[in-house]
Amino acid sequence: MSQSMWGNSETQYFFGLGPDQVLDAIDLLGFKTTGRCLTLNSMENRVYEIELEDSIGDPNNPSDQFVVAKFYRPGRWSKEQILEEHGFLFDLIENEIPAIAPLKVKGESLHWLEDGQLWYTLFPRRGGRNPDEMNEEQTEQLGRLLGRMHLVGKSKTASHRLSLTPQVYGELNLNYLLEAQCIPGHIEDDYKKQAQQIIQHIIPLFEGVTTQRIHGDCHWGNILWHHQNGPSFLDFDDMVVGPAVQDIWLIIAGRDQEARIQREILIEGYNTMNSFDRRQLILIEPLRTLRFIHFSAWISRRWEDPSFKNAFPQFDSEHYWQIQLKDLQEQWLLIKDAEHY
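By the working numbering, the letter at position 11 of the sequence shown is numbered 11, and the numbering carries on one by one without gaps.
Calculated directly from the structure, the hints in this document are not laboratory data. Some hints here could point you the wrong way.
Stated by the list, open to error - Here are the computed distance ranges between Cβ atoms for each label pair:
id : residue 1 : residue 2 : range
1  : Ile187    : Asp256    : 23 to 31 Å
2  : Ser155    : Met43     : 52 to 60 Å
3  : Ala180    : Pro59     : 47 to 55 Å
4  : Gly254    : Arg278    : 26 to 34 Å
5  : Glu136    : Gln314    : 36 to 44 Å
6  : Ser155    : Gly208    : 15 to 23 Å
Please read these numbers as outputs of a predicted model, since none were measured by experiment. The beta carbon of each residue, even a glycine, is placed where N, CA and C say it ideally should be.
Based on the provided sequences and hints, a complete structural model is requested.
Dropping the structure here:
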């Protein structure tokens, strides 16, 4: 494996992916492309929309003239972890739950690009929009769908995926940030102490909590709403084994009274298809805190990627870390005060 100041050869190839390499990878799977290749928005992976000469489904459906290719960032997930992501998606489709699952080519959903030493997957293109807001009926509908998704999630394990715990998403990420020395020196000690205080406080809250396969990153950007077919879930890249409430609070992330009312409507819909353990609601602010710490560690791990420096130019500034420290301090006060749950 060759090394350079820009990382190993796989990383260099990933950073340099362009239309020619993408189209060649699609050709290797037996598809004929028109040469049209559009880069789609994705920070973690590289995702492209490719036009095909022949439809993969209904010739009268324009979307079936395209595939979406996802090239996984090297070193992020193992083959086994990716296949567990795909397995969850196939389980959802088998149970008639709308999700965007990979296409199988010659019986396989995951493909190896020898030139770049990268894993990649093809998905169908699906139309729809990300919701800007939801009325009560839509919120309840999404709750029912989420309840069904979690029923399927319970049916199998995912032994290779990460567990959403304070130890994994809190301690490990905090240790990484400290080892990377990306926090300004005069802020680092306060940040470390506050993060450690929260992590140690919330560990007992997660003990005995039922965990299962969940989406893990179920915010509105990963929900596609079609005017006729309703909502569907996409981008299970961050699928984890965790508490069901993680997917619930990310859909309704606010803390105000309106958000609480909407969350109750979501849970009401959920409970028509599943049974939500309301004791998990006390995990919302702890999970939000873990997401803050994880997000900073995620950027730090990707800092060698030029696209991250462009997207998060403030990351290595004092101002960014002052805000992060303030957020942790606010989270600590919220976690100690359980009245808002």
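A quick look at each hint next to the structure:
no.	hint	verdict
1	Ile187 / Asp256: 23 to 31 Å	29 Å, holds
2	Ser155 / Met43: 52 to 60 Å	31 Å, violated
3	Ala180 / Pro59: 47 to 55 Å	52 Å, holds
4	Gly254 / Arg278: 26 to 34 Å	18 Å, violated
5	Glu136 / Gln314: 36 to 44 Å	38 Å, holds
6	Ser155 / Gly208: 15 to 23 Å	21 Å, holds
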